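A.B. asks: Sequence:
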Amino acid sequence: MTADRAPSKPWRVYGTRGISEDYRSQRAAYEAVGVITRGGNRAKVYHWESGSWILFERIDPVTTDPDTEG
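Using my numbering, the first residue of the sequence shown is number 274, and each one after it goes up by one.
To be clear, the hints were calculated from the coordinates, so they are not data collected in a lab. Honestly, I wouldn't trust all of these hints.
Claimed, not checked - Computed Cβ-Cβ distance ranges for the label pairs, DEER-style:
| hint | residue 1 | residue 2 | range |
| --- | --- | --- | --- |
| 1 | A301 | I327 | 17 to 25 Å |
| 2 | A279 | G312 | 13 to 21 Å |
| 3 | A279 | G313 | 28 to 36 Å |
| 4 | V335 | A279 | 29 to 37 Å |
| 5 | E330 | S281 | 17 to 25 Å |
| 6 | T289 | I327 | 17 to 25 Å |
| 7 | P334 | R278 | 18 to 26 Å |
| 8 | G312 | R278 | 27 to 35 Å |
| 9 | R278 | T336 | 38 to 46 Å |
| 10 | S293 | T336 | 37 to 45 Å |
Model, not experiment: these values are computed from the prediction. Every residue gets a Cβ at the ideal spot worked out from N, C-alpha and C, and that includes glycine.
Throw the hints in and build the complete structure from the sequences for me.
C.D. replies: Have a look at this one:
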């Protein structure tokens, strides 16, 4: 892929062991992030900008507060 052509799936999510998957929308990417973080893993979201992948956000796993659990 050349730098002047954007990918059709400009959102990339990395989960465990560096495995990544690309998404067409930010919403779909963050749905995947929810699955990853609820499973106790960290996720990283990248977005295609100006010809390269740019780190958009790091998201830590969901933690539960023992005081609020039923």
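A.B. asks: Work down the list of hints and note, for each, if the structure agrees.
C.D. replies: Quick rundown of the hints versus the structure:
1. A301 / I327: 17 to 25 Å: Because 18 Å falls inside the window, the suggested range holds.
2. A279 / G312: 13 to 21 Å: Cβ of A279 to Cβ of G312: about 30 Å, so the range 13 to 21 Å is violated.
3. A279 / G313: 28 to 36 Å: For A279 and G313 the Cβ distance comes to about 33 Å; the hint holds.
4. V335 / A279: 29 to 37 Å: holds (32 Å)
5. E330 / S281: 17 to 25 Å: For S281 against E330, whose Cβ atoms are near 21 Å apart, the range 17 to 25 Å holds.
6. T289 / I327: 17 to 25 Å: holds (22 Å)
7. P334 / R278: 18 to 26 Å: violated (35 Å)
8. G312 / R278: 27 to 35 Å: Because 34 Å falls inside the window, the suggested range holds.
9. R278 / T336: 38 to 46 Å: 40 Å Cβ-Cβ, so the 38 to 46 Å window holds.
10. S293 / T336: 37 to 45 Å: Violated, at about 24 Å.
In terms of the numbered hints stated before, the structure departs from hints 2, 7, 10, listed from lowest to highest.
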